[in-house]
Structures are given as C-alpha cells and as structure tokens.
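Residue-level listing of the chains:
Protein chains: 4
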Amino acid sequence: MNKELKIAIVGAGSSYTPELIEGLSEHRETLPVKEIVLLDINEERLSIMEGFVKRYIKHLNYDVKVWSTTSREEAFTGADFVSTQIRVGGNKARIFDEKIPLKYGLIGQETTGVGGMFNAFRVIPVMIEIAKDVEKYCPNAWIINYSNPTGLVTEALNKVCNVKIAGLCAGGMRPRWWAAEALNVPEEKIYYDYLGLNHMNFSYNMTIDGRPVTDEEFSNIIKKCTTVSQDWMETLHLIPSQYTQYYFHTKERVQQLKEQDKTRGESILELEKQIFREYADETNDQKPKTLAKRGGGGYSKVAIGVMDAIYNDTGKWMVINVANNGTVRFLDDDAVIETACYVSKNGMKPLTIADYPKAIVGLVSAVKNYESLAVEAAITGDKDLALQALVAHPLVRDYDIAKPLLEEMLEAHKDYLPQFYKNGK
Amino acid sequence: MNKELKIAIVGAGSSYTPELIEGLSEHRETLPVKEIVLLDINEERLSIMEGFVKRYIKHLNYDVKVWSTTSREEAFTGADFVSTQIRVGGNKARIFDEKIPLKYGLIGQETTGVGGMFNAFRVIPVMIEIAKDVEKYCPNAWIINYSNPTGLVTEALNKVCNVKIAGLCAGGMRPRWWAAEALNVPEEKIYYDYLGLNHMNFSYNMTIDGRPVTDEEFSNIIKKCTTVSQDWMETLHLIPSQYTQYYFHTKERVQQLKEQDKTRGESILELEKQIFREYADETNDQKPKTLAKRGGGGYSKVAIGVMDAIYNDTGKWMVINVANNGTVRFLDDDAVIETACYVSKNGMKPLTIADYPKAIVGLVSAVKNYESLAVEAAITGDKDLALQALVAHPLVRDYDIAKPLLEEMLEAHKDYLPQFYKNGK
Amino acid sequence: MNKELKIAIVGAGSSYTPELIEGLSEHRETLPVKEIVLLDINEERLSIMEGFVKRYIKHLNYDVKVWSTTSREEAFTGADFVSTQIRVGGNKARIFDEKIPLKYGLIGQETTGVGGMFNAFRVIPVMIEIAKDVEKYCPNAWIINYSNPTGLVTEALNKVCNVKIAGLCAGGMRPRWWAAEALNVPEEKIYYDYLGLNHMNFSYNMTIDGRPVTDEEFSNIIKKCTTVSQDWMETLHLIPSQYTQYYFHTKERVQQLKEQDKTRGESILELEKQIFREYADETNDQKPKTLAKRGGGGYSKVAIGVMDAIYNDTGKWMVINVANNGTVRFLDDDAVIETACYVSKNGMKPLTIADYPKAIVGLVSAVKNYESLAVEAAITGDKDLALQALVAHPLVRDYDIAKPLLEEMLEAHKDYLPQFYKNGK
Amino acid sequence: MNKELKIAIVGAGSSYTPELIEGLSEHRETLPVKEIVLLDINEERLSIMEGFVKRYIKHLNYDVKVWSTTSREEAFTGADFVSTQIRVGGNKARIFDEKIPLKYGLIGQETTGVGGMFNAFRVIPVMIEIAKDVEKYCPNAWIINYSNPTGLVTEALNKVCNVKIAGLCAGGMRPRWWAAEALNVPEEKIYYDYLGLNHMNFSYNMTIDGRPVTDEEFSNIIKKCTTVSQDWMETLHLIPSQYTQYYFHTKERVQQLKEQDKTRGESILELEKQIFREYADETNDQKPKTLAKRGGGGYSKVAIGVMDAIYNDTGKWMVINVANNGTVRFLDDDAVIETACYVSKNGMKPLTIADYPKAIVGLVSAVKNYESLAVEAAITGDKDLALQALVAHPLVRDYDIAKPLLEEMLEAHKDYLPQFYKNGK
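Chains as they are written, first to last, in the UniProt record's numbering: chain A, 1 to 425; chain B, 1 to 425; chain C, 1 to 425; chain D, 1 to 425.
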C-alpha cells in the first residue's frame with residue numbers, strides 16, 4: 001500500500017497531540033499517512049511539540065513526515081483530514097467559564113451551561129475562519145473536529161461554510177465501551193438507539209449480539225456512569241451522558257464546584273506546565289506520565305475510527321454530531337444532533353430513530369433550543385440573542401440571573417469576542 | 001325565542017358560582033337558559049349557594065329555574081353544558097401545594113410546578129368519573145372546564161373518555177383585553193398568534209384592525225403584564241402569560257413566597273369563610289363585596305363566550321385548550337395545547353400556526369413533556385412516571401430534590417390520591 | 001358610514017365584471033365603495049365595459065365612481081382591493097388547451113391537466129408583473145384572485161412577490177351550498193373538513209348545527225355533485241370537487257369531449273360576441289340574458305364574501321387557496337392548498353386538519369407535486385421542469401405521450417410564453 | 001467454527017430453491033449451516049426437490065443435513081432463518097393477473113397494478129398464518145421474505161404479527177450492480193440515496209469511493225436500466241427501478257403485452273415443466289440449464305447477504321423493505337418502504353434521507369397510498385377498501401374501469417380469497 005494521506009492538525013500545540021500521533025501509528029497498517037502537519041498560533045508550544053513528535057515517531061518506529069507551520073495555506077493544501085482541537089483563550093479563559101457562573105449559583109463548566117456558551121462564542125469565529133480556508137485549500141478534506149463544544153461548532157460551520165465536518169466526542173461511544181467492559185463482550189457486538197446532543201444524550205434499546213440486554217446487565221452497565229444516580233438511571237431505564245449530572249444533580253454539583261480548591265482549568269494549567277516541560281526535554285521521546293492525569297481519553301480512538309471508516313470505506317456504526325435532517329422529528333432540520341450514523345467514504349448517514357424515550361424529550365428540546373440560539377448569537381454577535389440563549393438554557397432560565405451574568409461574562413472574555421464588539425460597542 | 005338550555009354546574013359550592021350566574025343573566029338575550037342545576041359533594045356549601053342564587057336571580061330579575069342536587073344522574077340528564085370548577089381537597093390541599101415545595105427552594109403554586117402536578121393528581125381521577133357520567137347521561141353536552149390545571153385535565157379526559165370538552169382559562173384572552181385597554185380599541189379588532197400551554201404561553205404577531213401593532217403600542221401593551229420584566233418582554237418581543245414569572249423570575253418569586261405571611265390558599269380560606277357568611281345571610285341578594293378580593297376575574301366572560309359561540313354558532317376566535325393534532329409541529333398529536341381556535345357549534349378548530357418564536361420553543365416543549373408525563377401518572381398512579389414528570393419539569397429538574405419532595409407530597413395528599421395507593425401501597 | 005373603499009378590477013374587460021358590480025351593489029350597506037377602476041389591456045372591450053357599467057350602476061341606483069384606465073399605476077394607487085380575473089391569450093388560447101391534449105387521448109380542459117398547466121404558464125408571468133405593481137403602488141391592498149388556475153397563481157405569487165393574496169374559487173363553498181339546498185338549512189349552519197387543492201379536493205366530517213350529517217342526508221347532498229358517480233361517492237363517503245370527474249371518469253370524459261361539436265372555449269367565444277354586442281348597446285343598462293349561459297356562478301359571492309370578511313373584520317369561515325404552512329402534514333410548507341380558513345381583517349388563517357380520508361391522500365399528493373413543478377417551470381421557463389410536471393400529473397404520467405405533447409403545446413402558445421423563449425430558443 | 005444454523009425454506013418446491021442452496025454452499029465459510037428444511041404444501045414438487053437438493057449438495061461437496069416436511073411446526077422449531085418464497089395459486093393464478101387487466105386496457109403484471117394487488121390478496125392471508133407459526137415455534141428467527149409483492153407482504157405482517165421480517169428484492173441493490181459493471185468498480189465502493197417502494201423507487205446522489213459520479217458516468221450507468229427511456233432518466237437525473245417502465249411507458253407496454261404470444265406466467269408454466277423434469281431426473285445432480293431462462297437472478301445473493309449481515313453482525317449497507325418510522329417524512333410511520341439500511345445482528349436500521357428528488361414524490365405517495373389501502377383490504381377482505389385501493393393506483397384511477405375489473409378479478413381468484421368470501425358472500 002502506498003503512503004498517501006496528509007493530515008493537518010490545527011491547534012497542534014495541544015497536549016493531546018501525541019496521543020493522536022500514537023493512535024495514527026497504531027493504525028499505520030490501515031491508515032497509510034505520509035505527512036502530518038502541525039499548525040498552531042502559539043509558536044512556542046508548536047515548536048516544543050514539533051520537537052517532541054519527531055522524537056516520538058522515531059521511538060514508535062513510525063515512518064511519517066512531520067513538520068510544523070503557522071500558515072493555514074501551507075498546512076491545508078493537499079490535506080485529506082484536518083483535525084481541529086482548538087481552545088480560544090486557552091485554559092485562562094476556561095477558568096472564567098468555570099468561576100463566574102458559580103458566583104451566580106450556577107454550574108461553571110467548559111461545555112455545559114454558561115461556560116459552554118462562551119466557549120462557543122470564542123471558538124466559533126475562529127473555526128469559521130479555519131473552515132473557510134479548508135474550503136479554499138483542501139475542499140475535499142474532512143474536518144475532524146474536537147474543539148468544544150463540538151455540537152455548536154458543527155452547527156455553526158454547517159450554517160456558514162460549505163465543508164465536510166464530523167463533530168466528534170468520545171461520549172457517544174462510551175455506552176459501548178461501558179457495556180463491553182461491564183459484560184466482557186467485544187464492543188462491536190453492542191448497539192443502541194441514541195437520542196440527544198453532545199453531552200446531553202441518552203442511549204437505550206441496547207442489544208448485544210442482536211438480543212436485548214437483560215435488566216441485570218443494564219444495572220451492571222450503568223454502574224460505569226458514575227456521575228449520575230444509579231436509582232435515577234434505573235427509573236429512566238436509559239444510559240445517560242455523564243454530563244447529565246449537571247442537570248440531574250445541579251445543586252450538589254454546584255456545591256462541589258464551589259468547595260473545590262482549584263477549578264479543572266486551574267489544575268490543568270498547572271499540569272500542562274509540567275507536561276510541556278517534559279515535552280520540551282530533548283532527551284525525552286515518550287509520552288509524559290503526567291498526561292494520564294490530564295483526562296480526555298478516547299479522543300484518538302474515535303478520531304482515528306472516523307478517519308479509518310472514511311478512508312477505508314468500512315461502513316462503521318459510530319455516534320457523531322451531524323445535521324438532524326429529520327432524524328429526530330421534534331427538532332429542526334439544521335439542528336446538529338449527536339446520533340448513531342453509518343460512516344463510510346460517503347460520509348455520515350444518521351440511522352432513523354423509531355421511538356423516543358418519553359421522559360427526556362423536553363430536556364433535549366430545551367437544550368437544543370439554547371444551542372441553536374447560542375450558535376446564532378456566536379455568528380452574529382447579537383447580544384439579545386445571547387440573552388435569549390441563556391434564558392433558554394435549562395441550567396439558567398432565570399432572567400434576573402442571566403442578565404447580569406451575561407454582562408460579566410462578555411466583559412471577562414471581551415478580547416476573544418470580536419463579533420460582540422464590532423463597532424467598538 | 002324559547003328557553004331551552006339546561007346548564008349543570010359541577011362544584012357549584014365554589015364562591016365563583018354567582019359570577020357565572022351573573023354572566024348568564026347578562027347574556028339572557030342570546031343564551032336562553034331555562035334551567036340551572038347546582039351540583040356539589042359539599043352539601044352545606046351547596047345548600048347555602050342554592051339559597052343565595054335563588055335570591056340573586058330574583059334580584060337580577062332573571063327568570064330561570066335553579067335547583068340543586070348531589071346526584072350526577074339528575075344533574076346531567078338533559079344538560080347542554082356541564083360547567084366543571086372543582087378543587088379536590090379544597091384550599092386545605094392547596095396549602096400543601098404552596099408550602100411544601102418552598103421547603104425545597106421551589107415555587108409553591110396551585111397550577112405551576114410541583115403544586116400544579118399534585119393538583120392534577122387529585123383532580124383528574126374525579127374529573128374522569130364526572131366525564132364518564134357525562135358520556136352516560138348527556139353525551140352531546142359540552143364540558144366547559146375550569147378545574148385547574150385545565151390543560152392537564154383536558155388531556156386526561158381526551159385520553160380516557162369520549163366527551164366534548166373545552167379547557168378554559170381567561171389567560172388566553174388576556175392579551176386581547178390588555179391591548180384593548182392599553183390602546184383603547186375594541187377587543188374584537190385584535191388578533192395574535194398564540195403558542196403554548198395553559199399558563200405557559202406567548203402571544204405575538206399581534207394585529208389591530210389588520211395592521212401589525214407598532215413597537216410603541218407593543219411597549220404599552222406589555223405594561224399590563226406586570227409580573228414579568230418589561231425589559232425581558234421587549235427583548236423577547238412576545239407577550240407572555242403572567243404565570244411565566246415563575247420561570248423567568250424564579251429566585252425572586254421563591255423569595256417573595258417564602259416571605260409572605262400567608263399563602264394564597266390560606267388567605268382565600270379565610271376570605272371564603274367571610275364570603276360564605278355573606279352568601280348564607282338570607283337577607284342578602286347581592287354578590288358579596290369581599291368577592292372582589294377573591295380574584296379569578298374573566299372566568300365567566302370566557303365560559304359564557306364559549307357557550308355563546310357554540311349555542312349560537314357564531315364562529316368566534318377564542319384561545320382554548322384542545323388536542324394539538326398537528327397545530328404545533330414539534331408536539332405530539334394528543335398533547336393538549338392552549339391555542340387560538342375558531343369556535344362554533346361544530347366545536348373548536350385550532351388555527352394553523354405558521355411560525356414559532358424561536359426563543360421559547362424549548363421551554364414550551366419541556367413544560368409540555370412534564371405535562372404529558374404527569375397526565376399519564378395521574379391516570380395510572382405510577383410513581384416512577386410521577387418522578388420522571390417532576391424531573392422533566394423545568395422548575396424542578398434536580399433528581400436529588402425531586403425524589404424526597406415527591407415522597408413528602410404523596411404522603412401529604414394521600415387521602416386524595418387513590419390511584420397511587422391502590423393496593424394499600 | 002363614509003364611503004372609503006377603492007377597488008381595482010384587473011381584466012375588467014371580462015364578461016364577468018357586471019356580476020361583480022352587481023354583487024358590490026347588493027352589499028353597499030356593508031362595503032362602502034367610493035370608487036371602482038376598470039383596467040384591461042384590451043382597450044376596445046374596456047371601453048364597452050366602462051360604458052355599460054356606468055349605465056348599469058345608474059340602473060342599480062348604486063352611487064359609486066367608475067372609471068377605466070390601462071395604467072396599473074393609476075388603477076392601483078390608493079386601492080384597497082385588486083380583483084384579478086385575467087385570461088392570457090383569451091379564449092383562443094384556451095381552445096388549444098382544450099383541443100391539443102385530446103389528440104393524445106388526454107383530457108383537454110382549462111384548469112385540469114395539460115391545459116391547466118399551459119394556462120398557468122401564460123398567466124403566471126403576467127400576474128407576477130401585476131403583483132409587483134401592487135407591491136409598488138398599493139402594498140396594503142389585498143389581491144382577490146380569480147385568474148385560473150388559482151392555486152398555481154397563488155403559489156407563484158407567494159414565491160416571487162411580497163403581496164397579500166387570496167386565491168379564490170367558488171368550489172370550496174359549494175358543499176355548503178349543496179347541503180343548504182338539499183337539506184333546506186341555512187348555509188351558515190354547515191361546516192366540514194376540507195382536504196386538497198383547487199379543483200382537486202374533498203369535503204368530509206360535515207356537520208349541520210353542530211351534529212354530523214346522517215347517511216341519508218349525505219346521500220342527498222352528493223346528488224348535487226352531478227359529475228361524479230354517486231356509487232363512488234358513497235364508497236368514498238366524501239364530497240368531491242366536481243372537477244374530480246376528470247380523474248375518476250377519465251375515459252368517459254375524454255370520449256365525451258372528443259364527441260362534442262365545439263369545445264367550451266369555442267362556445268364561449270361565440271357567446272361572448274353576443275354578450276359584448278349587448279354590453280355595447282348604449283340603450284341597454286341591464287345584464288344580458290345570454291350571460292346566464294356563460295356559467296361561472298358563485299364568483300361574485302365568494303369574492304365579495306372575502307372582501308366583506310376582511311373589511312368588516314367579521315371572522316368568517318371560508319375555503320380559500322393559501323400557503324400550507326403545516327396545515328396538511330404530508331405537503332410542503334410553501335405548497336398552496338385550498339382549505340378552510342378563518343378570514344378576518346388579519347387575513348386568512350387555515351384551520352388545523354386533524355384527520356385525513358385515507359383513500360385520497362395519494363391523489364392529492366400527486367396533483368400537488370405536479371402543481372409545484374409546474375409553478376417552478378412557469379416562473380423559470382425551464383423545459384425539463386415542465387416535462388417533469390407533465391409526467392408527475394396523474395392524468396398524463398406516460399413519458400412517451402408527455403414529451404411530444406409538451407412540444408406541441410409550447411409551439412401553439414409560443415406568443416404567450418416569453419419565459420420559455422427567452423434567448424430566442 | 002461449529003455448524004449451528006438451521007434454515008427453513010417455505011415454498012421450497014419453487015424452482016429457485018437450488019439457487020439458494022448454491023448460494024449457501026458458496027458462503028459455507030461464513031454461514032455455518034447444519035440443517036436445511038424444505039417445506040411446501042405441494043408434496044409432489046417437494047419430494048422432487050428434496051431428491052434433487054440431496055444430489056446437488058453432494059455434487060457441491062456441501063456438508064449439510066437436508067430434509068423435507070409439510071409440517072410448519074417441525075420445520076420452524078429451532079430455525080434461525082425462515083426463507084419464504086411462496087406463490088399462492090401458482091402460475092395459473094398469475095396468468096389471470098396478467099391477462100384480465102389487459103382486457104381493460106391496463107398493465108397485467110404480477111407485482112405492478114391490479115395483478116400485484118390480487119397477488120397480495122392471495123399471498124397475505126397465507127403469509128400471516130406462516131408468520132403466526134414463526135411467532136409460536138421460532139420467535140427469534142428472521143423471516144427472509146421473497147414472496148411477491150414483498151412490500152405489501154411486509155407491511156401486512158408488521159401490522160398483524162410480531163415477527164422479525166426482512167422484505168427482500170434484488171431491485172434495491174441493482175443500481176450498485178449496474179454501476180459496478182458499467183464503471184468497472186467494486187460494488188462496495190458505491191452508495192446512493194434511495195427513495196421509494198418495492199418496484200417503485202429511485203436512486204440518486206450516487207457516490208463512488210466517496211465522490212459523486214460524473215454526468216458521463218451517470219449516463220453509462222443508466223444504460224443498464226434498459227426498460228426506461230434514457231432521455232427521460234437524463235431529464236430526471238435519477239436511476240429508476242426497471243418496473244417504473246409500467247408507469248412511464250404505460251401505453252407502449254400495454255400494447256406489447258397485448259401483442260405477446262404468451263404471458264410471462266404462461267411461459268414460465270411451460271418452462272417449469274421442463275425444469276422439474278430435469279430436477280426429477282435421478283441421474284441429474286446439477287442445476288438445469290433451462291433455469292437460466294427462468295429469470296429472477298440476484299435472489300440468492302441478496303437473501304444470503306442479509307443472512308450473513310445478521311449472523312455475522314457485519315453492519316452492511318443494504319436496501320430492504322422495512323417500516324418507514326420517519327425515514328420518508330411524507331409517508332406514515334407504519335408504511336413499509338424500500339430503503340437503504342444498516343444491517344447487523346440488531347436488525348435493519350434505515351438511514352435518514354436528507355433530501356428528496358422533487359419530480360417523483362407525488363408518484364411514490366400515490367403508489368404507497370394504493371399499497372396501504374390494498375394491505376388493509378387484504379387483511380380484512382373489505383371490498384370497498386379494495387375498490388378504493390384500485391382507484392388510488394396511478395395505473396388504474398378510473399372508477400368506471402376499476403369497478404367491473406375488481407369484480408372480474410375477485411371472481412377469477414375466488415378460491416384463494418377466503419377473506420373476501422367469509423360469509424359465503
């Protein structure tokens with residue numbers, strides 16, 4: 001097999017990059033990559049990462065050309081896949097997303113709630129620029145997006161650009177992994193219906209080897225979802241996303257977040273300093289052990305799974321963020337949903353959903369409503385829409401809280417929100 | 001015109017009854033009532049009311065036969081309209097609905113939130129019995145329902161019985177009344193699109209005399225909706241139900257409810273004692289002045305409006321609670337919605353809604369989801385469904401709160417919830 | 001009441017004009033018209049009609065200013081209603097519509113089938129020009145359209161212009177008139193569900209005075225629909241449009257059309273010569289008797305009914321051609337349907353349809369599919385779309401017939417189809 | 001791999017059986033069949049077939065247990081797949097389906113039009129009995145149905161029984177095979193959107209290796225669809241089912257059918273005599289050469305494809321007849337459609353269809369409307385429904401033709417239509 005693939009990694013200064021490299025290396029038999037380009041605007045991190053990755057592929061005995069650039073034109077020209085994993089404003093901005101909402105008694109979190117909305121506000125304008133360049137320099141390439149919040153990013157790009165994009169998250173595959181582990185069966189034997197959005201979703205009708213899981217098996221599987229009450233999951237008889245903890249256990253989670261010494265962003269900021277010291281160490285050619293504490297596992301597995309399904313046209317069942325187009329009948333066509341798809345070289349085709357679990361359609365509708373308003377606000381910079389989005393969010397809803405919170409968040413993130421400050425507003 | 005109508009008033013012991021009598025009296029030209037039957041299970045109040053109404057119609061010079069009974073068979077046989085205005089458990093039960101949720105930091109209210117759900121749990125089984133007797137004794141009669149929560153009662157009856165029912169609330173006509181008053185135009189000149197549910201609805205695209213209201217007119221109209229922030233209504237550019245205050249100003253309302261001396265139910269309990277003393281006074285043949293403090297205006301206006309539109313086949317535009325059947329595309333066919341209808345002898349036909357205000361579809365979906373789960377729980381007495389309904393409610397949502405709250409409410413209302421305690425559970 | 005309405009009649013040279021004048025005269029109490037402007041491109045007929053109408057209103061003792069013009073600017077400025085009743089190519093073109101399809105064994109008819117499509121192709125470009133001038137000179141006026149085929153004209157104008165348009169046909173009210181006559185009840189007592197399109201529709205669930213019609217009454221009503229087999233209507237238990245004869249009795253109707261001496265268009269051409277001689281007779285101030293043979297009754301009744309409902313804001317139930325917007329769930333939002341509406345100053349609001357008669361949804365879908373393709377072809381002049389429209393038509397369907405027929409029809413009507421011959425094609 | 005599969009072949013006396021055996025033999029590596037049971041009500045043909053199949057598997061060196069029975073209980077107990085390929089009334093009944101409609105100027109064909117409806121009327125009651133026994137004796141088995149008309153049979157079984165059924169036809173895979181052959185690419189590289197029903201469907205948006213086919217490639221592919229006008233397919237830019245010839249070239253096909261010496265059924269009747277003589281020949285252990293003239297190729301390929309996808313849980317893309325459930329938005333949920341599915345051990349999950357080719361939605365709707373009415377009539381034996389179904393069929397539509405034709409067909413097939421002659425009617 002001739003080597004033929006060129007992969008551009010946008011936001012390559014991320015500490016995740018080596019895991020993606022490792023994954024590609026492990027799949028070298030099926031994914032014949034000839035070239036990996038690292039792209040970042042942070043030249044210092046980019047240079048450290050380029051150095052490390054070059055040592056690392058030597059260590060892995062992985063024969064591939066690696067180079068870095070800050071030019072999208074160079075990175076994208078000829079690319080087959082553009083992996084995007086950016087965080088605009090970095091972990092510093094994330095810390096605002098985590099801390100400010102807490103002052104108002106709300107969940108502070110990078111993808112869920114107010115924090116997620118501002119994450120979207122910061123990331124979407126940049127992702128649109130990136131996608132416009134994909135349109136220009138490699139129109140047939142697939143964008144493999146991991147930038148959070150991936151559902152909102154995907155919906156925004158679908159609206160404004162004409163690109164092929166897969167909005168990824170390991171969350172959609174997690175019920176498979178949980179069941180495989182809990183029941184000791186190969187994951188490929190496991191299917192389920194999947195309703196919802198990124199970080200707001202529910203799996204049900206699970207089958208193993210074509211037969212429904214038993215109640216006992218179900219109970220064992222949901223034990224893996226440690227963030228949500230087991231009793232509640234039994235009552236629902238659904239496997240929820242771990243992130244639904246913020247909806248079902250709001251009060252307790254707010255309390256816990258308030259009590260913690262450091263926010264997740266603060267911890268990671270520290271951790272990353274350590275990790276980058278190790279990356280920068282020219283004698284080191286292996287993944288830093290500290291990385292394990294960093295979290296975010298499953299990332300490269302899903303990303304490479306999608307690339308493999310596309311490149312090798314394997315027709316794989318995967319859960320991905322795509323435009324609804326009638327899949328979920330109570331949502332709009334252009335709403336991006338997270339849903340089970342048939343993935344092949346022809347792209348992602350959602351599987352029809354025959355029945356919905358009645359208990360959670362309202363919650364999914366409400367969160368999607370927030371998402372679509374937030375996407376529109378992120379694109380236009382319309383403050384009234386941003387306020388409507390916040391009030392539409394089930395975790396906010398109270399106008400009296402939303403109003404001042406919005407102002408404080410806008411002010412805090414001002415430097416990364418050009419769309420809201422267009423005319424010097 | 002020959003007198004021909006027989007009207008049965010179920011729950012006639014309610015202090016509202018005289019207002020309904022007064023309204024019928026005022027419409028004697030168009031609604032030729034020959035007989036009004038008062039029905040109640042509280043024989044004491046029924047007897048007082050019968051005495052008063054007989055004096056009152058004499059005072060009004062209203063020539064109609066009035067009598068009372070505790071037999072549904074007698075009351076319903078030959079009836080044209082069955083007006084239902086029952087409150088199961090009375091204001092005593094209502095006080096639990098108001099007080100217990102507050103202990104959990106939630107809105108305590110007779111139609112919105114947890115309180116509304118338990119109100120539905122108590123009322124629905126009784127309303128089903130009543131409707132079954134309507135089926136039996138006067139199958140062509142219309143049930144004019146005012147029992148709260150009217151949307152859930154209507155949905156339950158549609159599910160279980162085969163009766164003609166109009167679920168009423170003055171709320172749907174209020175934007176008309178507000179606009180008529182604010183702008184000094186006849187109310188018949190005013191139309192609007194109306195999206196939502198009882199006590200969770202939004203009016204928009206208002207026209208006067210065929211032309212859209214101006215921004216200035218809009219600002220004047222919303223001043224009448226004193227419970228919701230004017231700024232927020234301007235941002236939404238929608239006229240909300242006054243009850244949306246509990247969603248948009250939750251924190252403040254909870255605080256206010258906590259700080260009040262007496263709950264609404266407690267005040268009314270006292271007030272009603274005074275009102276009934278006046279009703280019982282055999283020298284009195286006029287509506288007690290205390291009644292004005294009782295609230296609930298607009299009731300007889302809407303009820304008689306519907307009877308008139310049906311009896312005289314006038315083809316009136318009215319907002320009523322009816323089965324969705326495709327009117328709102330993101331809700332199920334059997335979901336009862338509050339919506340603008342063409343009302344004639346042929347019943348209520350909802351008007352198609354061409355466009356939805358994007359900012360509030362999630363909230364409406366979420367509340368409807370709660371409602372449908374609650375209706376199902378009210379009919380079946382399934383505790384798991386009741387718990388799902390509570391968690392689906394945007395004002396509750398937190399499982400950790402919902403779980404103990406449900407238990408406490410079930411216990412408090414035990415005597416009125418036979419469906420939940422079937423097997424001595 | 002001050003006189004205030006200005007009405008512009010487009011295509012006023014039509015022999016129908018005096019009936020419209022007569023209708024307005026009869027409703028002078030409720031429709032205070034101060035000015036009627038007659039507009040036509042045929043100056044000879046326009047002049048005859050102006051002369052006659054002036055004598056006629058004197059005869060009717062109807063005090064209104066009547067004048068004529070060939071300038072749309074003059075006619076439309078200040079107009080409240082623009083009545084459009086044009087026939088592009090006149091009855092001569094109509095005769096092609098009637099005769100050419102017959103050569104191919106198909107129905108030849110001015111609104112149904114191939115003939116109707118070419119009628120649309122000729123009329124739509126002219127109606128678009130008219131509507132653009134309405135936008136310009138009297139943007140608040142309502143277009144009261146009677147130009148055939150009214151459903152396609154309405155859909156085209158909705159697509160291309162921004163005007164208020166009511167697509168009228170007496171057909172939608174005919175089941176009411178039939179039932180009123182057959183059962184001797186006032187027509188206002190009669191309601192029904194109505195599914196379909198102009199000239200392809202079905203009435204059902206009919207009620208009189210709020211109660212369903214009996215089987216015997218139904219049998220009496222359908223006797224009025226003389227063009228369709230009584231047995232078949234009994235089997236369907238639906239009241240069809242008279243025009244459905246061309247679908248349910250195709251073979252027989254083709255035979256009859258082939259055997260007739262003259263087509264309808266030819267007869268009318270002769271009749272109109274006679275009618276116009278009478279109109280031109282300056283001693284004559286009354287409607288010619290010959291007019292009765294002309295047909296098309298009910299026209300002014302429906303047109304004036306709509307103007308009255310709008311002007312006086314009466315909230316009437318009427319069947320009108322409007323955009324679907326979710327009324328019929330299996331058709332697109334922008335598909336124009338003929339449907340029961342609530343008509344007021346606020347326009348036409350379709351009533352939700354709860355259930356569809358299963359036997360005819362396919363036929364309605366197929367004809368609507370043809371219509372939407374034909375509208376698109378009429379606007380764009382795309383011959384491929386015209387061919388697809390013809391093959392989509394249930395009365396054509398056979399490609400081998402459609403292909404040469406399309407060519408022959410295009411050639412015959414060439415002078416009136418600028419959109420298909422744009423580049424001298 | 002242990003041998004483990006038991007396959008029951010219902011209607012095993014069909015001349016197709018050996019091809020199915022051959023297919024199974026070719027896939028012995030992936031489909032480890034231990035037992036094949038032949039079931040038929042025609043004991044003579046069953047005995048001949050059993051004899052031949054036993055010689056044939058020896059010839060193929062295929063180690064499997066083959067035996068025959070007339071007992072469904074014996075055949076089904078323990079079965080994993082039940083292959084159904086029955087023809088009620090045999091080719092003799094088929095000949096009526098072909099000949100009688102022609103007398104009325106209509107297409108006479110075993111699956112399309114009147115003939116297809118009566119085929120359904122004969123087959124559905126028998127298939128329901130079979131399915132009830134599957135429910136009873138092997139509830140986890142998949143019914144692999146090839147009995148014509150497969151869409152109607154599948155819809156009927158979904159309505160009345162609770163079985164797992166795949167309604168098969170080679171037609172859905174044909175565009176793949178055509179493209180693979182025309183362009184010399186592996187078939188697995190080819191995908192398309194697929195809209196419609198069995199024998200009334202259209203493929204579009206075809207991709208090869210992830211990229212859209214070029215116009216030139218499209219032109220080459222459609223050359224394989226020899227029954228439909230190339231020009232017309234170019235105009236549509238769709239790949240139609242070969243059976244759409246009966247809709248797009250009706251007149252010509254009727255003429256051809258009228259002119260043929262023998263109907264297809266008559267030819268096959270003769271052919272089968274010859275084929276069965278060869279099967280009966282105890283010295284013969286190979287497929288008769290005459291079989292090639294028999295037609296119906298692709299049968300075993302698709303049937304075994306589905307069994308393989310299910311048994312080995314391979315997640316294959318295949319076109320299959322399944323319940324709609326929102327896949328095609330303008331059709332009912334329980335309407336069976338032919339559509340692209342993801343096939344695994346978990347069954348068939350249709351892929352969402354994002355856009356529909358506008359030119360043919362009406363035709364598909366109309367045929368589906370006929371189908372659903374026909375299924376209902378086939379189950380209930382309601383003659384009015386049968387008449388409505390016929391008139392709803394685009395190839396019939398004329399009531400005057402449908403009425404006597406229905407009577408003649410009912411009479412001809414009387415012996416096989418117990419549901420229509422329940423009370424000696």
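The hints are simulated quantities; they were obtained by calculation from the structure and are not laboratory data. Treat the hints with caution; some may be incorrect.
As the list claims (entries may be wrong) - Straight-line Cα separation of at most 27 Å, BS3-like style, residue types lysine-lysine; simulated pairs:
#1 C:K258 to B:K345
#2 A:K422 to A:K403
#3 D:K223 to C:K403
#4 D:K258 to C:K258
#5 C:K159 to B:K345
#6 A:K383 to B:K358
#7 C:K345 to B:K316
#8 B:K223 to C:K224
#9 D:K3 to C:K258
#10 D:K345 to C:K251
#11 C:K345 to B:K345
#12 C:K258 to D:K251
#13 B:K273 to B:K54
#14 D:K345 to A:K316
#15 A:K403 to B:K422
#16 D:K316 to A:K301
#17 D:K65 to D:K422
#18 B:K159 to D:K159
#19 C:K403 to D:K358
#20 B:K262 to B:K34
To be verified - What the simulated footprint calls covered on chain B by chain A, stretch by stretch (three residues with Cβ under 8 Å from a Cβ of chain A suffice, anywhere in the stretch; the number is not a length):
#21 47 to 59
#22 78 to 85
#23 357 to 367
Here the structure is a predicted model, which is why all the values come from computation and not from measurement. Glycine included, C-beta positions come from ideal geometry on N, C-alpha and C.
To see whether the hints hold, each was checked on the structure:
no., hint, result
1, C:K258 to B:K345, "violated (47 Å)"
2, A:K422 to A:K403, "holds (21 Å)"
3, D:K223 to C:K403, "holds (20 Å)"
4, D:K258 to C:K258, "holds (25 Å)"
5, C:K159 to B:K345, "violated (36 Å)"
6, A:K383 to B:K358, "holds (15 Å)"
7, C:K345 to B:K316, "holds (14 Å)"
8, B:K223 to C:K224, "violated (55 Å)"
9, D:K3 to C:K258, "violated (71 Å)"
10, D:K345 to C:K251, "violated (51 Å)"
11, C:K345 to B:K345, "holds (23 Å)"
12, C:K258 to D:K251, "holds (19 Å)"
13, B:K273 to B:K54, "holds (20 Å)"
14, D:K345 to A:K316, "holds (14 Å)"
15, A:K403 to B:K422, "violated (48 Å)"
16, D:K316 to A:K301, "holds (22 Å)"
17, D:K65 to D:K422, "violated (41 Å)"
18, B:K159 to D:K159, "holds (23 Å)"
19, C:K403 to D:K358, "holds (19 Å)"
20, B:K262 to B:K34, "violated (42 Å)"
21, 47 to 59, "violated (count 0)"
22, 78 to 85, "violated (count 0)"
23, 357 to 367, "holds (count 9)"
Violated hints for the displayed structure, listed by number in ascending order: 1, 5, 8, 9, 10, 15, 17, 20, 21, 22.
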